[in-house]
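Colleague: Below, each chain spelled out in residue letters.
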Amino acid sequence: SQTIHQWPATLVQPVGSPLSLECTVEGTSNPNLYWYRQAAGRGLQLLFYSVGIGQISSEVPQNLSASRPQDRQFILSSKKLLLSDSGFYLCAWITSGTDTQYFGPGTRLTVL
Amino acid sequence: GESVGLHLPTLSVQEGDNSIINCAYSNSASDYFIWYKQESGKGPQFIIDIRSNMDKRQGQRVTVLLNKTVKHLSLQIAATQPGDSAVYFCAEIHFPFSGGYNKLIFGAGTRLAVHP
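Residue numbers (this note's numbering), protein chains in the order written: chain A, 1 to 112; chain B, 1 to 116.
Treat the hints as calculated values from the structure; they're not laboratory data. As the structure is a prediction and not an experimental result, all values here were calculated from the model. Cβ coordinates follow ideal geometry from the N, Cα and C atoms, glycine included. Check before you lean on any hint, since a few could be wrong.
[Stated by the list, open to error] DEER-style ranges, computed between Cβ atoms:
| # | chain 1 | residue 1 | chain 2 | residue 2 | range |
| --- | --- | --- | --- | --- | --- |
| 1 | A | Ser29 | B | Asp17 | 40 to 48 Å |
| 2 | B | Gln76 | A | Arg42 | 36 to 44 Å |
| 3 | B | Gln60 | A | Lys80 | 43 to 51 Å |
| 4 | A | Ile53 | B | Arg61 | 37 to 45 Å |
[What the hints assert, rightly or not] Anything over 12 Å on all C-beta distances counts as not near chain A; from chain B, calculated:
| # | residue |
| --- | --- |
| 5 | Leu11 |
| 6 | Ser12 |
| 7 | Gln14 |
| 8 | Glu15 |
| 9 | Asp17 |
| 10 | Asn18 |
| 11 | Asn22 |
| 12 | Asn27 |
| 13 | Lys56 |
| 14 | Val62 |
| 15 | Leu65 |
| 16 | Asn67 |
| 17 | Lys68 |
| 18 | Val70 |
| 19 | Pro82 |
| 20 | Asp84 |
Required output: the full structure, derived from the provided sequences and hints.
Modeller: Spelled out as structure tokens, the structure:
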């Protein structure tokens, strides 16, 4: 069966520090991968999506970037974190040709 | 712009009662809808989905109803249990695909609180 992992689970970082969040998917090949951010008590905002290795599309201009170095690995990064980058970051996957997205457990990021 | 929203931010029910969570959508061309359940500190969990060629779909204790005339979606939970307490999101697939990817538009969410 397919599983999706995210790490770390929680992270506290100072303003101006770099960021690297990792997402990996098991049990599927060539998935579409997504990064979302969720502010406290709010809905999900799509940040990036990827349909294949090295293929990244950004939904919202911001302080973050994404990379997909391997088929089942998706990384969210920042060179310098802002206070506004705090939130719950979710990775999701979908098998190409289907419609349902499945989410990982999330990473809680607090920028101080 | 296109949006998916929810009528009630918080819904409180007694254990054993039926719950109904509502959602309005604005894109009449949308073809696919999903309900997710999100417990505190966890990622959203898929509950049930429905396509626009259907008006009702049933799962285990859950039923999704789609009214395309008024662009309304609802999730019904039978015999609500304490474990059903969570935030529920509806999500809408925007068509046509852009760049070959599946884009979900999420509503703000409804918090369901189940009281013993």
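Colleague: Would you list, in rising numerical order, the hints stated earlier that this structure does not obey?
Modeller: When the structure is compared with the hints, only number 2 turns out to be violated.
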